[in-house]
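For reference, each letter of the sequence shown is one residue, going 2 to 248 in the numbering used here.
Among these hints, one or two may not hold up.
[What the hints assert, rightly or not] Restraint-style ranges between C-beta atoms, simulated for each label pair: (1) H248 <-> S155: 18 to 26 Å; (2) P31 <-> D224: 25 to 33 Å; (3) S234 <-> H178: 47 to 55 Å.
[Unchecked claim] Below, a list of computed lysine to aspartate or glutamate pairs in the DMTMM-like style, where the Cα atoms sit at most 25 Å apart: (4) K221 <-> D175; (5) K240 <-> D175; (6) K221 <-> D163; (7) K221 <-> D180; (8) K240 <-> D163; (9) K240 <-> E91; (10) K221 <-> E121; (11) K221 <-> E128; (12) K240 <-> D224; (13) K240 <-> E229; (14) K221 <-> E187.
Treat the hints as calculated values from the structure; they're not laboratory data.
On a predicted model such as this, the values are computed, not experimentally measured, just so you know.
In this text, a Cβ means the ideal position worked out from N, Cα and C, and glycines have one as well.
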Amino acid sequence: MADASPRLGGCNRTKATLTTAQNSLVAHLPHAERQRLLSLCEPVHLVLSEVLLVQGTPSLYAYFPVDGFISLLQQIEAHLPLEVGMVGREGMLGVQLALGVATSPLLAVVQGAGSAWRVEQSAFQHELRQSPALQQSLNRYIYVLMAQLASSASCLRFHLIDARLARWLLMSQDRAHSDAFHVTHEFLAHMLGVRRVGVTVAAGNLQRNGLIEYHRGELKVLDRSGLEAAACSCYGRDKEIYRTSMH
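Work the whole structure out from these sequences, hints included.
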């Protein structure tokens, strides 16, 4: 896994892709409220492995990813962080701010580099008070995120590594908006909370079944429908909760 210490300087600013791609929460706001929120935001580039939120410390910003995505990690004592959720274009990082709580309950690390909208926490909370549509949308998204966190906990306890790996790859593909991305066995082992050898065996099984192609950290999804069939039921349930709650 990449270094989990914050990088100096924060995110690098960029205007790339923000004119053509959009965050779903922002895109579904009424026009006037959407424009008002975006006027408070700045475009930033999410750098791979960058720490955006530190567990137990105040959140200075809220992030609306556009084409990057972020791992939500639980860190306990001296153990390596364990992934419990993901945030991509469908959601927002820093939802606790919508509840009036500044302290982040989780560690947030960029898993897929890309662009995002960033808004300072006091400006965000002021806009939240002015925008009923934004508040309603975030209330629904908080419910979706709660369901995702609960699903991750039960998935870790009850499902086999092969099925969990398939779910993780599908979740990553959904947010990367690409069939190919860079990921190492070591990183996957940390994200799934298993030994590296377990990930190696599981990835080998998926590759032998023609579902993925993996070589030197470069992974490509070859058979999306086959990967969905191999994944645990948590993936489909999470998608259905998002569909029924957010639309």
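Hints, one by one, checked against the model:
Restraint check, H248 to S155: a C-beta distance of roughly 25 Å satisfies the suggested window 18 to 26 Å. The supplied range of 25 to 33 Å is broken by P31 and D224, whose beta-carbon atoms lie about 40 Å from each other. The supplied range of 47 to 55 Å is broken by S234 and H178, whose beta-carbon atoms lie about 24 Å from each other. For the suggested pair K221 and D175, the alpha carbons sit about 13 Å apart, so the restraint of at most 25 Å is met.
As the CA atoms of K240 and D175 are separated by approximately 10 Å, the hinted pair is consistent with the 25 Å bound. A distance of roughly 16 Å separates the Cα atoms of K221 and D163; the hinted pair therefore holds under the 25 Å criterion. About 6 Å separates the Cα atoms of K221 and D180, which keeps this hinted pair within 25 Å; it holds. A threshold of 25 Å between alpha carbons decides the hint, and for K240 with D163 the separation of about 19 Å falls inside it, so the pair holds.
With a C-alpha separation of about 11 Å, the suggested pair K240 and E91 falls inside the 25 Å cut-off, and the hint holds. Of the supplied pair hints, the one linking K221 and E121 is violated, its CA atoms being roughly 36 Å apart against a limit of 25 Å. Of the supplied pair hints, the one linking K221 and E128 is violated, its CA atoms being roughly 40 Å apart against a limit of 25 Å. For the given pair, K240 sits about 19 Å from D224 by alpha-carbon distance, which is consistent with the 25 Å threshold.
A C-alpha spacing of about 12 Å is found between K240 and E229, which places the hinted pair at or below 25 Å, so the restraint holds. With a C-alpha separation of about 17 Å, the suggested pairing of K221 with E187 holds against the 25 Å cut-off.
In this structure, the hints that do not hold are numbers 2, 3, 10, 11, in rising order.
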